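There are 2 protein chains.
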Amino acid sequence: MATISVVKQVLDANDRIARSNRALFNQKGVYVINLMSSPGAGKTTLVERTIEGLKDRYRIAVIEGDIQDTYDAERVAKLGIPVVQINTGGGCHIDANMVQEALADLPIDGVDLLINENVGNLVCPAEFKIGENDKVMILSTPEGADKPSKYPLMFHESSVLLINKMDLMPYVSFDLKKARADALKCNPHLKIFEVSCKTNEGLSAWLTWISDRIEQFKQTRS
Amino acid sequence: MATISVVKQVLDANDRIARSNRALFNQKGVYVINLMSSPGAGKTTLVERTIEGLKDRYRIAVIEGDIQDTYDAERVAKLGIPVVQINTGGGCHIDANMVQEALADLPIDGVDLLINENVGNLVCPAEFKIGENDKVMILSTPEGADKPSKYPLMFHESSVLLINKMDLMPYVSFDLKKARADALKCNPHLKIFEVSCKTNEGLSAWLTWISDRIEQFKQTRS
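In order, the protein sequence lines correspond to chains H and W.
The first sequence lines up with residues 1 to 222 when you count with our numbering.
The second sequence lines up with residues 1 to 222 when you count with our numbering.
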């Protein structure tokens with residue numbers, strides 16, 4: 001019982017800070033996504049493709065979450081985008097407090113889109129709000145179609161599922177129909193895009209979706 | 001500070017139960033592995049291949065850890081192997097207490113090898129001992145070669161790294177040399193096998209390693 005109440009306290013504290021982050025983002029007009037997936041599903045490559053596709057229309061900033069190292073932040077910085085690295089030091093997700101601290105080093109005045117790339121983990125990141133407008137998740141075809149059944153919370157919490165590495169479909173036994181059906185069982189409102197960040201297949205539909213969300217967000221504020 | 005001491009308490013309690021499990025396994029002569037990887041790296045398929053390769057020589061039992069569902073346990077049961085499913089109910093790893101409870105439903109008298117398949121997660125499972133002799137991890141080629149740098153603890157804690165899905169090497173950009181070198185930086189004693197559970201490439205070396213470990217364990221007891 002003691003353990004359970006501690007977990008509850010942590011979540012409540014996190015929710016309070018997430019609301020504070022959200023209020024700041026609303027005030028500044030920043031649309032925010034929380035990008036989640038297993039390790040190696042293609043989060044950083046999707047961030048790169050999204051920046052390349054939108055940077056002429058929108059001002060973008062990125063927060064990179066990793067247990068250690070700055071490799072992903074270096075990849076983003078090469079595209080000329082303001083980026084801050086969170087190192088969780090063993091922690092398996094980023095939380096609202098880490099994002100709040102990262103904002104001290106990341107000017108967001110005039111930023112239209114803030115992308116938070118979470119630690120690679122299909123479980124815990126879904127439990128911690130950071131002040132995002134939308135959670136976006138990636139499932140890559142080599143991981144298998146059983147993932148919605150095995151890790152339902154992330155599919156339930158996300159607005160968008162990107163099924164990535166579609167270029168590998170001929171070489172892996174991925175049941176696309178089952179993956180889509182089981183993901184929609186977790187979350188009937190889930191928007192699903194089939195993409196390859198290697199061949200750029202399907203990415204234009206994703207870029208249209210996120211542009212529309214940014215515009216909708218701007219309209220609700222005006 | 002309060003949060004840190006709670007985490008310490010949880011780990012101490014887990015370590016105590018893990019030692020108790022270990023004492024029971026020693027008494028019964030059961031060699032135990034804790035199998036860990038990202039979601040979809042191929043843990044259950046490796047369990048199947050290992051059972052197929054060793055079941056004529058050794059008596060094997062399996063504990064399957066998943067957040068929910070019994071799909072993996074059903075796959076193992078089809079091979080005629082005693083199996084118990086742990087459902088963590090949202091928890092991102094199995095711990096010593098869950099294994100202790102699973103043993104109530106899993107007779108281990110006469111069992112030579114107990115395989116514990118952990119929840120798919122490259123972070124937290126490495127922090128919780130369950131009473132195993134060896135931690136064994138899988139990294140699959142589509143995940144990318146940067147994983148040892150990003151998730152060093154699991155590589156540090158494991159005795160064996162299986163680099164799986166070698167059959168996909170022509171279709172993914174996986175820097176095998178870098179993955180091997182960086183994994184060995186985390187853990188110079190790590191034994192590395194390159195395998196494909198689809199084509200069976202490299203699996204005989206893995207089966208020899210685990211057979212040797214079972215025999216060594218029997219000798220230390222006699």
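If you are wondering where the hints come from, they were derived from the structure by calculation, not from laboratory data.
Note that the structure is predicted; figures quoted are calculated from it, not measured.
Take these hints with a grain of salt, some might be off.
Intra- or inter-copy, both count: the list cannot distinguish identical chains.
[Claimed, not checked] Only pairs whose alpha carbons sit at most 35 Å apart, straight line, appear in this in silico DSBU-like list of lysine-lysine:
id, residue 1, residue 2
1, K129, K177
2, K177, K28
3, K178, K28
4, K177, K198
5, K185, K198
6, K198, K178
Evaluated hints:
1. Taking CA atoms no more than 35 Å apart as the test, K129 paired with K177 passes inside one copy only; the shortest distance there is 30 Å, against 38 Å between copies.
2. When the C-alpha separation of K177 and K28 is checked against a cutoff of 35 Å, the pair qualifies neither within a copy, at 41 Å, nor between copies, at 46 Å.
3. With identical chains, the CA atoms of K178 and K28 are never at most 35 Å apart, being 41 Å at best within one copy and 42 Å at best between copies.
4. For the homomeric pair K177 and K198, the shortest alpha-carbon distances inside one copy (22 Å) and between copies (22 Å) are both at most 35 Å.
5. Taking CA atoms no more than 35 Å apart as the test, K185 paired with K198 passes in both settings, with 29 Å inside one copy and 29 Å between copies.
6. Proximity of K198 to K178 under the C-alpha cut-off of 35 Å is found in both arrangements, the shortest distances being 23 Å within a copy and 21 Å between copies.
The structure is inconsistent with the numbered hints 2 and 3, although it conforms to all the rest.
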